[in-house]
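Working from the sequences, and respecting the hints, build out all of it.
Protein chains in written order, with the numbering used here: chain A, 1 to 197; chain B, 1001 to 1265.
Watch out, some of these pointers could steer you wrong.
[As the list claims (entries may be wrong)] Residues on chain A that point at chain B, a partial pick, calculated with CB under 8 Å:
(1) L11
(2) V47
(3) I120
[To be verified] Using C-beta positions, here's what the derived DEER-type ranges look like:
(4) A:K182 to B:P1193: 18 to 24 Å
(5) A:R184 to B:K1195: 20 to 26 Å
(6) A:F28 to B:S1015: 27 to 33 Å
(7) B:R1064 to A:P81: 45 to 51 Å
(8) A:A38 to B:K1148: 39 to 45 Å
(9) A:K182 to B:K1177: 18 to 24 Å
(10) B:W1100 to A:V59: 54 to 60 Å
(11) A:F28 to B:V1050: 31 to 37 Å
(12) A:P32 to B:F1037: 26 to 32 Å
(13) B:G1231 to A:R193: 22 to 28 Å
(14) B:P1072 to A:V59: 29 to 35 Å
(15) A:A38 to B:Q1229: 45 to 51 Å
[As the list claims (entries may be wrong)] With a cut-off of at most 35 Å between alpha-carbon atoms, the simulated DSBU-like pairs for lysine-lysine come out as follows:
(16) A:K12 to B:K1177
(17) B:K1089 to A:K153
(18) B:K1214 to A:K41
(19) A:K41 to B:K1177
(20) B:K1195 to A:K106
(21) A:K109 to A:K41
(22) A:K12 to B:K1236
(23) A:K12 to B:K1151
(24) B:K1068 to A:K9
(25) A:K12 to B:K1195
(26) A:K41 to B:K1068
(27) A:K109 to B:K1177
(28) A:K106 to B:K1068
(29) A:K106 to B:K1214
No lab work stands behind these hints: they were computed from the structure.
All residues carry an ideal CB built from backbone N, CA and C; glycine is no exception.
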Amino acid sequence: MQASASTSKLLKMIILALMGAISLVLFFLNFPLPFLPAYLKIDFSEVPALIAALIFSPVAGIIVEGIKNLLYLVITGAGDPVGVVANFLAGILFILPVSYLYHRYKNVKGIVSGIVAGTIIMALAMSLLNYLVILPVYAWFMGMEEMNIESVKRAAVLAGILPFNILKGIIVGLLFLPLYTKLRSWIEQKSARFIAD
Amino acid sequence: MNNMMIIGQYVPGNSIIHRLDPRTKITVIFFFVVFVFFANSFWSYALLTVFAAVSVIASRVPVRYIAKGLTPIWFLIVFTFLLHLIVTKEGQVAFEIFSWKIYTGGIAQGIAISMRFFLLIVVTSLLTLTTTPIEITDAIEEMLAPLKKVKFPVHELALMMSISLRFIPTLMQETDKISKAQASRGVDFRTGPLKERIKAVVPLLVPLFVSAFKRAEELAMAMEARGYQGGEGRSKLRELRIGKIDVLIYILFICVVAGLFLLRS
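Okay, here's the thing in structure tokens:
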């Protein structure tokens, strides 16, 4: 197909929009893990963002994450804006290492090391962020400045946030690895077409 | 589930609240959320509650839809209330249960914070109950328009949001169709060890991504053929317009906020 520059930009936008929509659909098909608090749920919504980040660029992955979270806000209302921001940040922290390492090595090794790095970075950064910002904000929201105690926060992070994010990274990785090996030639073909344009 | 995804929580209707410009609704609700945190006396809470109640009645949305929006946080409301009863030790001792002293300050604090939660959820869910997601997207595009000056791609963002919203039901159906097709071949998504269940998702996602790219190519071609050339000079099917009711609502809301600051202690 002969594509002009404008078609290519429009096509890219539409693809990212559809990836965002798939991401939201997968986001709604979430499931809790048996031994963690119910508000920490696992879903595969990072997968479309990862695919976009591999085919185009890390920024494309961020856009897909952004669309997913904006759609969630627009559809369900702003009941929990803090949770939406937290999900957006966690998604980005996971995607960026994977796409940087993939674009560097362009093979399975890049993906595996990316997922390991992404999981560690996401888990550590989200723990820190929860400890310093998110949990205090929730405590303030509930009018519970008393809850803003070191021991309570530390327990919430060590028993909830940290293991949850590590598990989430591992589970998403377990899905993404076989998916990548199946889609590898397709991803490379699409990617080549857009770089050529 | 399927139904919820297609229209969000929107309850079709033709009430005053439905007919308001979505920008008005977003602005008023945003400032309501901010000002709820300023209420600190019985009468200031009473004023905000009356405002929320009148809005709900005017929207003619059946109460059960609003109650449904509250279900996930009932637990949180009760939990916060009880926590304040136990932790706050101000005022006089109201009564004792099993030699545990409950203070009047604790009761007042508990009710106030629960009320704050309740008002926040009721009013924000009123937005999604009376406004379609596409209306909200249009409103966001208009409200963010000044950001175009700093090269923020407002139009592109809104276009992507509308395309996503249009395709969510389609993709939802497709996911359902593919998973049924897989299930009929004997794939089990619900039981078995976690690792096997994760692997079972792979054949579900592959066709989803491939067909999404095909759809995107078709749509891009169709839009180009119809002369789409970005946001510049594009006309719209649904024009947003600030009407008389919107102005009235703004005035009413400003009065409520003024009243709130008068009634604060």
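Between the beta carbons of A:K182 and B:P1193, is the distance compatible with 18 to 24 Å?
Holds - the Cβ-Cβ distance for A:K182 and B:P1193, about 21 Å, lies within 18 to 24 Å.
Regarding A:F28 and B:V1050, is the given constraint of 31 to 37 Å on their beta-carbon distance met?
This hint holds: roughly 35 Å between Cβ atoms.
Check the hint pairing B:K1089 with A:K153 against an upper bound of 35 Å on the C-alpha distance.
With Cα atoms ~23 Å apart, B:K1089 and A:K153 stay inside 35 Å; holds.
Just tell me: holds or violated, for the beta carbon distance of B:R1064 and A:P81 against 45 to 51 Å?
The hinted range 45 to 51 Å is violated for B:R1064 and A:P81, with Cβ atoms some 25 Å apart.
Take a quick look at whether A:K12 and B:K1195 sit within 35 Å of each other, Cα to Cα.
holds (33 Å)
Between A:A38 and B:Q1229, does the beta-carbon spacing fit 45 to 51 Å?
holds (48 Å)
Could you tell me whether the CB distance from A:F28 to B:S1015 stays inside 27 to 33 Å?
holds (28 Å)
Outcome for the supplied range 26 to 32 Å, where the beta carbon pair is A:P32 and B:F1037:
Holds: the Cβ-Cβ distance is about 31 Å, inside 26 to 32 Å.
Given a cut of 8 Å on the nearest C-beta pair, is the interface hint for A:V47 held or broken against chain B?
Nearest chain B Cβ about 7 Å off; hint holds.
Consistency of beta-carbon spacing, A:V59 to B:P1072, with hint 29 to 35 Å:
holds (34 Å)
Restraint check for A:K41 with B:K1177, where alpha carbons must lie at most 35 Å apart
holds (25 Å)
When you check the alpha-carbon spacing of A:K109 and A:K41, does it fall within 35 Å?
With a Cα-Cα distance of about 28 Å, the restraint between A:K109 and A:K41 holds, given a limit of 35 Å.
Violated hints, listed in ascending order, are 3, 7, 24 and 28; each of the other numbered hints is respected by the structure.
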